[in-house]
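In the order they appear, the protein sequences are chains A and B.
So for the first sequence, the numbering used here puts the first residue at 1; every next one is plus one.
So for the second sequence, the numbering used here puts the first residue at 1; every next one is plus one.
One thing to keep in mind: the hints can contain errors.
Claimed, not checked - Computed, partial: chain B to chain A, Cβ under 8 Å:
1. P8
2. G118
3. E212
Claimed, not checked - Taking CB as the label site, the calculated pair distances span:
4. V280(A) / G214(B): 50 to 60 Å
5. G18(A) / G214(B): 14 to 24 Å
6. G214(B) / R114(A): 49 to 59 Å
7. R225(B) / G18(A): 21 to 31 Å
8. E228(B) / R114(A): 19 to 29 Å
9. R225(B) / E224(A): 25 to 35 Å
10. M14(B) / E119(A): 28 to 38 Å
11. E220(A) / R10(B): 33 to 43 Å
12. A289(A) / R225(B): 49 to 59 Å
13. M14(B) / A210(A): 30 to 40 Å
14. A289(A) / R24(B): 45 to 55 Å
15. R10(B) / E119(A): 54 to 64 Å
16. R130(A) / E228(B): 39 to 49 Å
In case anyone wonders, no lab produced these hints; they're calculated from the structure.
Quick reminder that beta carbons are idealized off the backbone N, C-alpha and C, glycines included.
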Amino acid sequence: MNQAAVIIDVQGLVKRFGPHTVVDGVSLTVRQGEVFGFLGPNGAGKTTTIRMLCGLLTPDGGSGTCLGFDVIRGSRQIKPQVGYMAQRFSLYEDLTVEENLNFIAAMYGVPQRRQAVAETAERLELEPYRQHLARNLSGGWKQRLALASCLIHRPKLLLLDEPTAGVDPKARREFWDRVHQLTAEGITALISTHYMDEAERCHRLAYIAAGRLLAEGTVEEVVERQGLTTWAVTGGDLHELTRRLQGLPGVEQVVAFGNSLHVSGRDAAALGRSIEPFRVAPHQWRQVATSLEEVFISLMSGEGGAS
Amino acid sequence: MRSSWFSPARLWAMVVKEFVQMRRDRLTFGMMIGIPLLQLIIFGYAINSDPKHLPTAVLVTEQSPFARRILAAMQTSDYFRVTTVARSEAQIERLLAEGRVQFVVSVPAEFSRRLVRGQRPQVLLEADATDPAAVGNAVFALGTLVNQALERDLAGPLVRLRAGPGPVEVIVHRRYNPEGLTQYNIVPGLMGVVLTMTMVVITSLAVTRERERGTMENLLTTPVRPLEVMLGKLLPYILVGYVQMALIVLAARYLFRVPEVGSLVLLFAVSLLFIAANLMVGITFSTVAQNQLQAVQMSFLFFLPSILLSGFMFPFRGMPDWAQTIGSALPLTHYLRLVRGILLKGNGLAQCWPELWPIALFMLVMMTVALKRYRQTID
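So that you can see chain A by itself, here it is in the shape it has in the complex (with noise of 0.2 Å):
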């Protein structure tokens, strides 16, 4: 997969609002065919970078490129070969999807338009709502349709930004699966999300904060660099377990997971002898592969740093 050409490459990039530098020396390398997973909490930059990646915005600093043309002054030749949908729905609701695709196409240019418009309905399995108003399709429909129009000028690149909030687990499942058969042609898609499982279909991984980039690789990788040891523990009262362990040295965070409760810290030595005192009955405790979900959660509390 490195051997692969490298579609984004950009380094410190940087975006002020007024007085609020939202995206901070963010620098990030996506290859051809990759489903690179954008994470991090709400608020911590994700759109702002990739609006900057489409040429929504201008960056106030950092360099680099896109597509192979320059992020701040290449935009209109970036443009028409991305397709970009945001976070809220942001076609017309007041056109049919036959009208949106046709529009949309229209706006990029797309010869053959009338062909174009029925094969990637068909694509998209979209066809018996080609006479709908966008308003009257569901969540999960409405997210189709987005998709539809990002793809029917046969973008080389995808930023999708949180495509999947708001939307059934089965049409999830769907939309991933049409996102891996997609890079497989050749398509590169960058994927905000706040899903820890579809983080881990994602061939690479940032994690975004603040405005800074926290850690970045495989799901595997990220994970390593962590260094967390995991513990989980069932039966007995995990309430007042989570009261009494929280602070303790080598206990970095204490999260419950339905009827079990994770423990973790970076300390492996010092977390052993922290619980050691509360390995009794009715407490089962056993260690665990740690999860991406927690390497997100210490990374989020700010205890993970710079990996």
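Use these hints to put chain B onto chain A, whose structure you have.
Just chain B now, kept in the frame of chain A:
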């Protein structure tokens, strides 16, 4: 936590919430205060349905004490302000067509001789009656004015002339609108009012709606150029404007029987400039407004002075100078004169020019503002 059928605490919380929201929406809050103030000032100070000191031209072909006396009396009256001493009929025609004067008073040759002989000579008052409200009172005043002015001169052997219906006959010609019909004034004027209303509101909404719904964001990621977006939004509304004009022209012709003296082609041509000026106002508002409600409010704020200060509802010359200055900056003021000039007076392009360039200037200024603001909203 009880759910009684009426809870004062709940009611109070609701009221407090409404006030907090009202205060957050600065523009709406400002409009609540601003619009009544604006109306108060305009209705209270600016509007006067009995206009006075109307510009008047005089054409005197005879130098005589009697003629001088009449002119002096007019000067001192409230209604007339002699601005021009005309030398020819042609000059009079031009002054009236361009709307530079409201009245022309002509004292014919041999006036004194006929007066002395008791032949009741005529004084001719020609009024620009496109707006009947502007001329009504002045016309009634002139008859008494002239005869009273002469009373003092009719001494000695001329005293006999004081008896009877008065020594002088004042003939009134209501030009362009002989019967003084209000619809001759209102119906062409409505064209400008309707265009202002729809063009400003519709365009301010059209762009704001795209932003409010988030579709603008999607649009801007496509290769479409800002100019294409703007023109693409404006062209359909120019067509809408023409359809509205056509409707009003048809209604003017078949329902209200308003004369069409001038060229409709010229009317439609000069209207393009007016439509464009209003569209630019709409675009400018849309770049400022946060949502569609604000866009409508701003449009209303523009519409209100337009309709009140332009001379549509009340005679323009009845307003004090400051109000006339504001009115002169508004495109509707000039457009009303253009439409009435073309339809009622049969004005050609040359006579339209004094009203055309202010609209063009307004449009250029608005376009600069609109383009500048529009660019800022993208980033």
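Hints and how they fare:
1. P8: Since the shortest Cβ distance to chain A is 38 Å, the answer is violated.
2. G118: violated (80 Å)
3. E212: violated (11 Å)
4. V280(A) / G214(B): 50 to 60 Å: About 56 Å separates the Cβ atoms of V280(A) and G214(B), which means 50 to 60 Å holds.
5. G18(A) / G214(B): 14 to 24 Å: holds (22 Å)
6. G214(B) / R114(A): 49 to 59 Å: At 27 Å between Cβs, range violated.
7. R225(B) / G18(A): 21 to 31 Å: holds (28 Å)
8. E228(B) / R114(A): 19 to 29 Å: Cβ of E228(B) to Cβ of R114(A): about 22 Å, so the range 19 to 29 Å holds.
9. R225(B) / E224(A): 25 to 35 Å: Check failed, 48 Å falls outside 25 to 35 Å.
10. M14(B) / E119(A): 28 to 38 Å: Violated - the Cβ-Cβ distance for M14(B) and E119(A), about 53 Å, lies outside 28 to 38 Å.
11. E220(A) / R10(B): 33 to 43 Å: violated (55 Å)
12. A289(A) / R225(B): 49 to 59 Å: Because 52 Å falls inside the window, the suggested range holds.
13. M14(B) / A210(A): 30 to 40 Å: holds (38 Å)
14. A289(A) / R24(B): 45 to 55 Å: holds (49 Å)
15. R10(B) / E119(A): 54 to 64 Å: holds (56 Å)
16. R130(A) / E228(B): 39 to 49 Å: With Cβ atoms ~26 Å apart, the hint is violated.
When the structure is compared with the earlier hints, violations turn up for hints 1, 2, 3, 6, 9, 10, 11, 16 and for no others.
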